[in-house]
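> Listed below, chain by chain, are the residues.
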Amino acid sequence: MTAERVLVAGATSAIAAAVARRYAEAGADLVLAARDAGKLSAVADDLRVRGTGRVETFVIDMVDTARQAELLAAAQAALGRIDVVLVAWGTLPDQAAIEHDVAATLACWEANATSVVAFLAQAADVLEAQRGGCLAVITSVAGVRGRRANYTYGAAKAGVIAFAQGLRARLFAAGVAVVELRPGPVDTPMTARLRKGPLFIGPERAGALIVGAIRRRRDIAYIPGYWRWIMLAVALVPEGVMKRLNLSAG
Amino acid sequence: MSGYESWGRFPRATPRAVVPIRWRDEPPSLADLPGPLLPYARGRSYGDSCLNDGGTVLDVNGLARFIAFDADRGLLRAEAGVGFDAILNLIVPRGWFLPVTPGTKFVSIGGAIANDVHGKNHHRAGTFGCHVTQLELLRSDGTRLVCSPTANAELFQATIGGLGLTGVILWAEIALKPIPGPQIELRASRFGRLEDFFALSEAADADDEYTAGWIDGMSRGRRLGRGVFLGGNHARGDGTWRGAHPSRLRLPMDVPEWVLNPLSIRVFNEVQYAVLGRKSARAFAGYESFFYPLDVVHNWNRAYGKRGFLQYQCVVPFDDGLAVVREILDRIAASRSAYFVVGKVFGSIRSPGMLSFPRRGVTLAVDIPNRGPEIFALLDAIDALVIEARGAVYPAKDARMSPRSFEAFYPQWAAFARHVDPAFSSSFWRRVTAGLGASDGVPAKAQATAPSAPASVAGAGGPSAATAAAGALGGGA
Ligand SMILES: Cc1cc2nc3c(=O)[nH]c(=O)nc-3n(C[C@H](O)[C@H](O)[C@H](O)COP(=O)(O)OP(=O)(O)OC[C@H]3O[C@@H](n4cnc5c(N)ncnc54)[C@H](O)[C@@H]3O)c2cc1C
Ligand SMILES: NC(=O)c1ccc[n+]([C@@H]2O[C@H](COP(=O)([O-])OP(=O)(O)OC[C@H]3O[C@@H](n4cnc5c(N)ncnc54)[C@H](OP(=O)(O)O)[C@@H]3O)[C@@H](O)[C@H]2O)c1
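These protein sequence lines map, in sequence, to chains A and B.
When the count follows the working numbering, it moves up by one through the first sequence with no breaks and lands on 250 for the last residue.
When the count follows the working numbering, it moves up by one through the second sequence with no breaks and lands on 477 for the last residue.
No lab work stands behind these hints: they were computed from the structure.
Treat the hints with care, since some could be wrong.
[Said to hold, decoys possible] Example chain A residues on the side facing chain B (calculated, C-beta under 7 angstroms, incomplete):
| # | residue |
| --- | --- |
| 1 | Gly38 |
| 2 | Lys39 |
| 3 | Ala42 |
| 4 | Asp45 |
| 5 | Asp46 |
| 6 | Val49 |
Here the structure is a predicted model, which is why all the values come from computation and not from measurement.
For glycine and all other residues, C-beta sits at the position ideal for the given N, C-alpha and C.
Sequences are here, hints too, so could you generate the full structure?
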């Protein structure tokens, strides 16, 4: 991996921090954005120690879409050209707890879909103008098929998946790759309340796989790859059966 | 992921709750948690000092970030859950090394401080705690205190070797040691008698930064105390990486206990001794194979089977001669339960730690399969010898010492207890303070929860081939 210039939005996520760590250790310059200043500086300190490149931070609530352009401008100013944009923030609400709460349902939608789509659209313009770079976004296996356990979250991720597909086709001509990453369950704060089954992987492993997928400019990457086959099988389950099942996991 | 177990896998404990601590700036409020509380890091302690049966485990593994590294002065500041493995990856290429390291790199800074760990350079460098310049402690009342030899000095001394009982270490700063390269130049020499081990240790103390001995655990009589002595120094390196690469191998399940019986161990022992011990030999080794031979196989502890195993480590002064050491080795050999004993002569450098284990003398460490009451009786008998010799047993490795023994090894325990956070306790602490005078300043909490009786002490086990292979380099001590 040659030294790259990377913008990580949602950098305090356990998965994103693991990705950033790998880039830092390979000498990358980084701009990190997150909403919690204390956590953000803890992550940035760590990357400064591990890496040799420069590490800048930007405090932003990504749901505040009006400020997203500011972040992109700051990243351009710090990095010059941007080689990789990683979109990592998200929230996983307890479906049962928000089921009858419209405000919470829409908040989940905002955190995982609206804000993400808004940012992807603006980052796409930056990379398109550069005529190159990689726009990577973390979705989820939950976005591949709606399930009882997490359909609000899953539907928001599904929206991002479709958006990314169209964006990929548009940006192809400009030489910009859109890498959409679909992790299965990962042991992070997001899944802290869930029971950990054998399919859970650690954030370090997820981070390594994500860096590999970005490097190879994969269009769609399941994290780990075997989820592709699991989701293929899940997709084949008739809806009539699906509605009687109660599949769990992120 | 489910298991908060100790390395010896004995005793077993079930926490009532697990609370992760992930951010040094935003730790959870400890006051609201169901107590008693105890930090848990990598679980490389053998007995029950890292266990908290029925209490709340504070999982500190999320505190795994570096904070600052001054590569000119060799000062490293990091969150307490950062592992020695990560530290080495960072510092060795830049010409620095850990000032003190135990026989595995899979320990955290916090765990290394809480047990005030020692390594093969104790005679030169003292314990790990001697190199901690400052740390931040989170107490259950929410206060956060930066402690150092000059600030909150008593709490600093209590926290070094404080068994996790004085609060949560959020981060620490340590002074590193400059090295010329990643290689170790080592010398292995055979010795036929215990006296020769001491002679070699004494001679090497002047020449070698690292020393340890591997003593045959099966031989008695004329051959008692024979073994292989290892001396090592950081070699002037060419910067190339020749160290063994970390293995991904894992033992998938518990190996049946009959796989390794005392006979096969004995045969192995003979071969080992003949091959390695023929004469004195010099070699270069990557630092990983010198310091961490056992790390090559992940989860080697599982090879001891479901009942787990015990490690016993004691230190005895030898001003009065070697009689006690010989007696201990003979009891171990007579029990036919351990095929090798790691020995090391500790130096006289004092640790700031109040409750620290290392002290001038000779330390012996031995892995013993949990074969039940017979083994417990053996270790009780050895305890008595250690008490008589005014020595001590290492809490980080202990699962069975009695409160009486603890009190004899650590008469300063009551003074230490005054610094214990009232909401903190461990399975170990409840066990070794049970019945000791609460008036001595033991927080009520330490005795509040009934100690859980060892689940099972019966059964048979056997040491693993993995440890056997690694034994040649002397894994522990
Ligand atoms: C193969 C092997 C070889 C070893 N060799 C040696 C050796 O040569 N010398 C030696 O001294 N030891 C040796 N040990 C023992 C080991 O070094 C210690 O038990 C060490 O403390 C384990 O660290 P850990 O991170 O796994 O901590 P744990 O075992 O998880 O915890 C140890 C103690 O530290 C406390 N603790 C952990 N984190 C914190 C924190 N953040 N704040 C406050 N308290 C905390 C816990 O409550 C507990 O009391 C060896 C162990 C193994 C498995
Ligand atoms: N863990 C899994 O099993 C799993 C599976 C599939 C996909 N994913 C996806 O992977 C990504 C990373 O999640 P993770 O597992 O690493 O969980 P995580 O550690 O909990 O990270 C989630 C991050 O999103 C941030 N965030 C949430 N809302 C935000 C906002 N409005 N503005 C800025 N930041 C915001 C959080 O910041 P704070 O720390 O400030 O709250 C946190 O850093 C997410 O997109 C998630 O959906 C996770």
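> Are the hints correct? Go through all of them and say.
Against the structure, the hints come out as follows:
Look at glycine 38 of chain A: its Cβ gets to within about 4 angstroms of chain B, closer than 7 angstroms, so that hint holds up. With 7 angstroms as the threshold, the beta carbon of lysine 39 of chain A comes within range of chain B, its nearest partner Cβ sitting at about 5 angstroms, so the hint holds. Below 7 angstroms, beta-carbon pairs count as interface contacts, and alanine 42 of chain A has one with chain B at about 6 angstroms; its hint therefore holds. Against a cut-off of 7 angstroms between C-beta atoms, the interface hint on aspartate 45 of chain A holds, since the closest Cβ of chain B lies about 5 angstroms away.
At a threshold of 7 angstroms, the smallest CB-CB gap from aspartate 46 of chain A to chain B is about 4 angstroms, leaving the interface hint in force. The restraint placing valine 49 of chain A at the interface with chain B holds, with a minimum CB-CB distance near 4 angstroms, inside the 7 angstroms limit.
The structure agrees with every numbered hint stated previously.
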